[in-house]
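> Okay, here's what each chain looks like letter by letter:
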Amino acid sequence: MNYLTSLGALPLLGALLIFTLPKSKSNSAKWLALATSIAVAFLGVLIALRFEIDRPGFQFVENYSWIPSFGINYSLGIDGIALVLILMSVILVPIVIVAGWHESEGGRWGSKTFYILILILETMMIGVFAATDVFLFYVFFEAMLVPVYFLIGGYGVGERAAAAVKFLLYSLFGGLLMLAAIIGIYVISGHQGGHTFDIEKLSQLTIDSTTQNFLFLGFFIAFAIKAPLWPLHTWLPDAAKSATPGTSVLLLGVLDKVGTFGMIRYCIKLFPESSKTFTPIIIVLALISILYGAFLAIGQKDIKGLIAFTSISHFGFITMGIFAMTTQGHSGATLYMVNHGFSTAALFLVAGWISKRRGSSTIADFGGLQRVTPVLAWTFFIAGLSSLALPGLSSFVSEFLVLVGTYTRYPVAAVIGTLGIVLAALYILIPVQKALHGPITPGNENLTDITRRERIAIAPVIAVIIFLGFYPKPLLDVINPASVATLTAAGFSDPAPTVGGK
Amino acid sequence: MNSANYLYLSAMLFTIGAVGVVIRRNAIVVFMCIELMLNAANLAFVTFARINGTLDGQIIAFFTMVVAACEVVVGLAIIVTIFRSRRSTSVDDASLLKR
Amino acid sequence: MSDTPVLQYSFLAPILIVLGGAVIGVLLEAFAAAKRRAVLQLTLTLGTLFIAFLSLLRIRNLTSAKAAMGSVMIDGPTILMQGTILLIAFFAVMIIGDVDNFTAQASAVPGSDEEKSALQAGRQQTEIFPLTLFAVAGMLLFPAANDLVTLFVALEVLSLPLYLMAGLSRHRRLFSQEAALKYFLLGAYASAFFLFGAAFLYGFSYSVTLSGIHAAVIGGTANNIFLLIGLTFISLGLLFKVGAVPFHAWTPDVYQGAPTPITGFMAAATKVAAFGAMLRIYYVTFAEANWNWRPILTVIAIATMLVGSIVAITQRDIKRMLAYSSIAHAGFLFTGVIALNKAGLAATLFYLLAYGFATIGAFGVITLVRDSSGEITDLNRWAGLGRRSPKIAALFSFFLFAFAGIPLTSGFIGKFAIFTAAYESGNIGVVVVGVLSSAIAAFFYIRVIVMMYFADDNGDSLTVVIPSPLTSIAIWVSGGVTLVLGVYPTPVLNAINTLATFIR
Amino acid sequence: MTSNNLVYLIALPLFSSGFLMMLGRRADKWGHIFATLISASAFGIGAFEFLQMLARPSESRAVTQKLFSWISVGTFQVDASLLLDQLSISFVLLITGVGTLIHIYSIAYMSHDLDRRRFFAFLNFFIAAMLLLVLGDSYLNLYVGWEGVGLASYLLIGFWNQKPEYATAAKKAFIANRVGDVGLSLAIMIAFATFGTVSFAGVEEKVSGASTAALTGIGLMLLLAATGKSAQFPLQSWLGDAMAGPTPVSALIHAATMVTAGVYLITRSNFIFDNAPTAQLCVVIIGAITLMFGALIGTAKDDIKKALAASTMSQIGYMILATGLGPVGYAFAIMHLLTHGFFKAGMFLGAGSVMHGMDDEVNMRKYGGLGKLMPITAITFGLGYLAIIGVPPFAGFYSKDKIIETAFNSEGIKGLFIGGAALLGALVTAFYMTRVIILTFTGAKRWDEKAHPHESPFLMWGPMAILAIGSVASGFLLSSGNRFVSWLAPVVNSHEVEHAERFQPVVVTTMALVAVLIGVAIAIAKYRSDVPRVAPTNVNIFTKIARRDLLQDDFNEAVLMRPGQALTNFLVATDERAIDGAVRTVGAVVIGSSKGIRKTQNGFVRSYALLILFGAFALLATIWVVTL
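Protein chains in written order, with the working numbering: chain A, 48 to 549; chain B, 14 to 112; chain C, 92 to 595; chain D, 253 to 880.
FYI, nobody ran anything at the bench for these hints, they're computed from the structure.
Don't take every hint at face value.
[Claimed, not checked] From chain C, some residues computed to sit far from chain A (all C-beta separations above 12 Å):
| no. | residue |
| --- | --- |
| 1 | 141 |
| 2 | 153 |
| 3 | 210 |
| 4 | 571 |
[To be verified] Taking beta-carbon pairs under 10 Å as the criterion, some of the chain A residues facing chain D (in silico):
| no. | residue |
| --- | --- |
| 5 | 79 |
| 6 | 81 |
| 7 | 278 |
| 8 | 280 |
| 9 | 346 |
| 10 | 517 |
| 11 | 519 |
Just so you know, even glycine gets a beta-carbon here, dropped at the ideal spot from N, CA and C.
Isolated chain A (complex conformation):
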């Protein structure tokens, strides 16, 4: 059975069904979308259960010739890293649908279109993580911009069109640079035993270091825009401020992970030597992202902008973990991707709910919410704690792994990175104080607390956040072999402890 294709095709099928619905039935479109996404989530869990932890290499491999004249194959396969990211994506989609049950109603077009776009996006998300053919990856990578573009521009708020355009242009720019690099490596493969896009075969190529550096940059800049890494981040706050909360969740939670995922899967795997060359610069950029994102988050007046900048800080951690080139760093970074997905989801969803109730997303307009809407306030608080990596919540494990993994190779970077811990406390607690604490700001007296639907949406997210904080082992067990494999293939090994090393 073609598990991965089925997984990817299912949402597309749902989208098609919704497309055939008459216009008036926007409610059935919702339910259909929800049903589809839940089915996809179940299939995703099934795949996870059938995943064999100890088997090296890609699993659930599918390989069909697609465009033979260019050596392009439709080939899918997942390792542990891809698996957890796919799992996160398919779990987040139904949550986003439930959470934003009415999100589709304020848009330029009807609900139908909204859910079609969401489901198409889900297909693309699965595809981008599952592709093992570089060309196929690129196709998904670029094509997924289109639904997001329309989701932001069509259903967002404020300067949504401008934000959507900015998002698209940034991404296209990066994508096109990557295209040039993909072409480059493809041409080189042609000189060394036949044109191919197969990731494994491409990683065997011998490329001279100058070329490798340029190709690496082509890939890396695209991923750095996506991730986003300072100074290529300015699209993100705008997009996040304009998009609906659900879209933002998918944007920051899943799409941006493609960037960091790509760094592991493509940058390091294909260009180990250049990865080594550029590591110092990238670590510095990551550090700047961590601190810069944190400071900017502190300075934000808009709650969504704040979350966006916290994400920039978090992506700094992820990038740093990846380029620390240690198993702790890599596993930590991968786990961080998942955890960040969930904690940002929680933050964005709750922020979206309270903004909608209040009709404003300016932090100063809130105040005393803990007295008015206690459950919402607590949910936001817990999500915030996860974001500041409180031990016992999921992000802590990953953030600490990243830091430890970085320290063993780049102590100075890790030391500077830990400053992010303090700043994280500031950027979470300042808005918490302004929005949740203090006297009740006029205009907030009559806000309603969380609804049943919202409870259903947020409960699994919070549960995951807490569960993974205490017991990240299931994920780490899956991620570790993949991290080790990536690093071994690229020729890295963990620094041994100075005392009693192996």
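Given chain A's structure and the hints, the job is docking chains B, C and D onto it.
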């Protein structure tokens, strides 16, 4: 007489035509300049044919004349139409489409 | 004396059929009743193109045959390009068939009583159909031409009808006439250069056939300055036709002024023909002299990509914007030409097909967006189109995505193929510029989408007419082709790869 | 030895806390009782384990419980597992014991608060986190508890966060703690990089092979952590503000337990500090500075809780100082920690009782003569007072005296300095504590007519009484026959190192008692007469500085906060203008060139022809040049 001189003449005619297109305003004159260029080419063809002693070039000259005649038909049609609309044959007057 | 000339009619059949159809069309103008002329002409034209295509299929397995005493070369690329031209022309004619786009009486002065009465009488300038066929015939011949005379004649045969067709718009006739005038004057100017170049090539090689010139190029004994002048001016003629910088200036004006269906036809089909001829000349004739022309063509390719993309950004008129976009695409195509390898040839052929269909579709959609005074090409007035007719807007967006080279559209595969070929030839700088200008180009395509979907309806009388069946077939088929070529281009690519070898 | 019960110590209160939070208002009626029972049962388990431990020989008293493998990546292996040894059981009993008493006290103290259930949920959460802190068998497990208590502290300080200044105080506490946490996490990183493990046992085993630099690094980072959590210089400023929390919280978290976590951390890491003399010296210095710092601040505060908070700071300074004195000091530090837990908690509860009777008035200048109206409070408070200033035979005497003695006897000139500081601290302590007693319980009444001071109910004074008993007896119980020192010996490796004693114990004790007497005398002399209801403003500069917490807040504001805010504002502007601006500039350049090139498209056919002509020349020229 050195046949290269015919080539110089041809080049001169061509240049006159090419420059004439740029400096003259009247559409008809511009068009005639183009015809001059075509004929310069014809002269070159014939000269080369003469130098080489083959007939190809001379035959091409006839083709060119036919084509030029066709061009006149089409060109005059267009110029006359626009003259009727605008009451002017200045090519500078037709400059609505720009930027 | 030599043998009686053998024309080999079967090889020339597609061209001859189209020419024949055109002549019959002219006769129809003379003898058919005015009321039925439009239908008859349309049927005749589509039928002619269809039969021509069938006859082309019959000779599709020829990979090397000369016809008309070696004047016409029937090889793989010829067949591919003729096929592409016929297909594009077929769908373009469907859109042209919606004769509301054309003036009732071309000879009538705009705004005159004569024009009004012609309009009221419902007269139609059905000569547009035979003109189209003549142009198609020229286009079919152009890439197949194997000697200088044929090349020149084909160039003129394809150009002259287009000059006229550009002036036949129903609305904004002053624009249209001006477009015709500009196109004609500049086109003739460029033709003159072309001919002058041809003369010097003849003087250089004492041969009019491409293979003869090629032999002289390899021999290297003949007079080099003649080769230089010949090469330069021949190139100029071709560069003009495809709208390369700095010979591009006519493109935006003509594209904007001409009747939209004609613009679509011109943009799509002329490009195929001109690039076809260019490929043959550079790949076959001057390949060995590439160190002469490749550097400057590289510069031109870069300039064309950049100028097209950059200037398009600030356009307010959608047709004009697409004109600049077509200039940028010419630049992309150039990177395939100067790659000078088989991959480049194949990529260019694929790109031409992909771009041709997207162009037909896009201009087809533009013909549908109107108010009472005709088509609306002012971009600002496209605001809210996405709400009023979502399907048409979606289709147009899809074409724009194809132009921008977003994956899952034909444009992406084309761009990928062509950049790959360029990279393969070692011309990495061109690839980088190509990629950058693609990024710039994306901006103005997206701007149109923003206008259609995200700008607020300004409530003016913009309507989308219900497309006639033919037009809708044409645009939806174009969309379909664009999608299929993007998702599963394998059959087409295979066909191109088998056929794409020039024969000298 | 393993045990299966340890997890319940943590799980019960943790569950209870989550349960009460989830149930919400439904649990309002019985939540406080439920939480108190849970806390009591945790104490029960602790006591049970304690008895079991007593039954075993001293070298095998430690028990462990492995729960599950928590983080396992490459060589980074951390189990969620617990360790109960002589050190941790001392804390467990203190935390659950004092904790339970304070739960009981709070039932009455918080009875009028609508959110009492939530308060108890937080208290239970704190108990769980604090127990995890002392039970974790590795630095990382400790870290979880470490941040957990920080969170609990944050929540409880900000319990009445509808008042903005309370919310700010909570935030300040959390941030200051986080700065310390950076130290802890860095220490863990260095430890992992050095030893390849972060468990206490693993590190201790390999410690001998490590370089001094690494050990010093770990030590200093742990010290940083301790300064954050235990309100030591220079991270002490949050503690005063933390008094915004309800008084039981101040008693439990900010006096008895959480703030002493730093002492626990250093004692737990004795194997590191014993091998890193530089770090140890820093510990001593920080302790000495803080004990003076706190004491000086204490002299100037009119707010009863802030005065007590300053005293806490100072007393923890003593403990930290003791931990820096090497193997001999750990036991005394912990002993002082335990006795301090009793008397300071007792005094805080007493202060709460006073506030309870005085409509939450905290300004001691508006008290006066309360002894007669609140006899039980006055007596329990008084017993705590005697303990803290170190009057024999009260608890504080035993523990503090030992610290001063050890300080004096440490080597070289260092001993004289720190001993002197400790002694001076004792003097100042006696002064400010006497001041508190005088202002609050004796003299003329200075309160408003509206106030009706009254004794607190039994639920409140009961716990106070028990703590008072502790303040009286615990010192003697722990120190007689060196009981506690030998109890802790297996953990801290203090194997009776013989010191050349500079001062005989009798001498030190005498000096200390004299110092206390002087302090008390000065206080009586100064506050015997009438005390103005409003703090006089024409005081000397030192008093002013002391009232402002020795300018620590001003320092932080000037050096950290303002530059930080400026940096933030600068970066926000940079992001918009410079970075996004750069991107926009690229766009503007493209658009500008677009407009520029458009101008060539002027609509005149002749200029197009000229362009072609020009192109022709350029083409010809280039091809010609290339050909040459």
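> Indicate, hint by hint, whether the structure satisfies it.
Tested hints:
At the 12 Å boundary, the C-beta of residue 141(C) stays outside the reach of chain A, the nearest C-beta of that chain being 29 Å off. Every C-beta of chain A lies more than 12 Å from that of residue 153(C), the closest at about 22 Å, which supports listing it as non-interface. Interface exclusion of residue 210(C) from chain A stands, the closest Cβ pair being 39 Å apart, more than 12 Å. Every beta carbon of chain A lies more than 12 Å from that of residue 571(C), the smallest distance being close to 17 Å; the non-interface claim holds.
Because the smallest distance between the Cβ of residue 79(A) and any Cβ of chain D comes to about 33 Å, over 10 Å, the interface hint for this residue is violated. Hint status for residue 81(A): violated, given a least beta-carbon distance of 26 Å to chain D, over 10 Å. Here the hint on residue 278(A) is kept, as its CB sits about 5 Å from the closest CB of chain D, short of 10 Å. Annotation: interface hint on residue 280(A) holds; nearest CB of chain D at approximately 8 Å, less than 10 Å.
For residue 346(A), the shortest C-beta to C-beta distance to chain D is roughly 4 Å, which falls under 10 Å, so the interface hint holds. Interface restraint check for residue 517(A): the shortest CB-CB distance to chain D comes to about 8 Å, inside 10 Å, so the restraint holds. Checking residue 519(A) against chain D by beta carbon gives a least distance of about 6 Å; that is within 10 Å, so the hint holds.
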